[in-house]
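Taken in sequence, the protein lines are chains A and B.
Residues 1 to 208, numbered by this note's numbering, are exactly what the first sequence covers, in order.
Residues 209 to 416, numbered by this note's numbering, are exactly what the second sequence covers, in order.
What the hints contain is simulated information worked out from the structure, not anything from laboratory work.
Straight-line C-alpha distance at most 27 Å; calculated DSSO-like pairs for lysine-lysine:
#, chain 1, residue 1, chain 2, residue 2
1, B, Lys306, A, Lys191
2, A, Lys22, B, Lys399
3, B, Lys227, A, Lys144
4, B, Lys249, B, Lys369
5, A, Lys191, B, Lys304
6, A, Lys146, A, Lys41
7, B, Lys218, A, Lys161
8, A, Lys191, B, Lys399
9, B, Lys356, A, Lys161
10, B, Lys249, B, Lys352
11, B, Lys356, A, Lys146
12, B, Lys230, A, Lys190
Take a look, some chain B residues computed to stay more than 12 Å from chain A by CB distance:
#, residue
13, Lys249
14, Lys250
15, Asp287
Heads up, the beta-carbon is just placed ideally off N, CA and C, and yes, glycines get one too.
Number of protein chains: 2
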Amino acid sequence: MKNEFCYNAKALDEMERVKRLKLINSISGVKSANLIGTKSKKGISNLCIISSVTHIGSNPPLLGFICRPTNKVKRDTFDNILENPYFTINSVEQSKIKNAHLTSAKYDKEISEFDECGFQEHYIDNFPIPFVLESRVKIGLELKQKVKLINGTYFIIGRIKLLNIPNNELHETMGGSVGVIGLNTYYSIKKMSEFDYARLKKVKNKTK
Amino acid sequence: MKNEFCYNAKALDEMERVKRLKLINSISGVKSANLIGTKSKKGISNLCIISSVTHIGSNPPLLGFICRPTNKVKRDTFDNILENPYFTINSVEQSKIKNAHLTSAKYDKEISEFDECGFQEHYIDNFPIPFVLESRVKIGLELKQKVKLINGTYFIIGRIKLLNIPNNELHETMGGSVGVIGLNTYYSIKKMSEFDYARLKKVKNKTK
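Throw the hints in and build the complete structure from the sequences for me.
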């Protein structure tokens, strides 16, 4: 095919660092943008944008995300979760993407990104970590597993202890989702198709 | 707030199974849709739609995905990767979402989903697993880590050995990405904003 680019392992190894970072961060496609809320033992809250929140299972309800403790921003998140094993996952709203993106800057450990980036802390019931008031989807989790991956990053898995959504119309709520490709390009989404769960009998009818 | 729904751990535990499955699968937001290609020792290829492909790192270039070996479709993927530790990740194109969704049905182990679901196998160089010809982004990986998570699912991590993209304009290529929310609703994406990498100095200027 004309203009196609094919990189083998050697070409990827030898690629200039920033070019490779942008390339590898983008190629898996769109990812949801979420804000992770944590709190240190000293009581300082932290907010950090993450695009790796992954569904692990629904019974028990588990979500995971990737944390790179060598990065200053995510180190606060990582350290806080070790000190205080609860965290919140908060949706990024379209009207707040600029603020959400700012949480990826390096702030002093004594400063809360809630204040610095223009979000309001919001507590629900007795959950120990603040939620983002402006987020329509608010999820409170307890740390359940922390797995060290081969490159030194951690996969952090939490069990959902509290879930707050604006209404029970999931497609309406989630239709406002914000996606990210790479590290700094934000996308809105538009519904294309909804299919039945694929069953072999139906599939056969459809493909014939 | 009016009409807000708040579920605690007990309410989630007691929720009807399918309702909880749909809810928990949706709340983390949009996820990219990709097709995982594998091949058994006997030489039968398998194709399976996955929405959990996650960026782990760019140096070395690593991607991961969640595999639930109790599910018949993903068991083939899991078994094949154990037998033959290579796999491909292929983008889902907007014109092919119906076909891609069909790979989530349960097929006989002796049948290749490439043929059954209307995709063409495509080999590049000496990579041992077929790519999806119709996919614009084709990634070939070697299994590097397999982590058992607390609910019995596995996090499968591969190192990129081959990457084929239609051109070097990443935003053009990835702008055609297909996203999924939950298990069966597909979305196109539309670029909203691109920001600089957030640096404290800039942040301060912007928030003042």
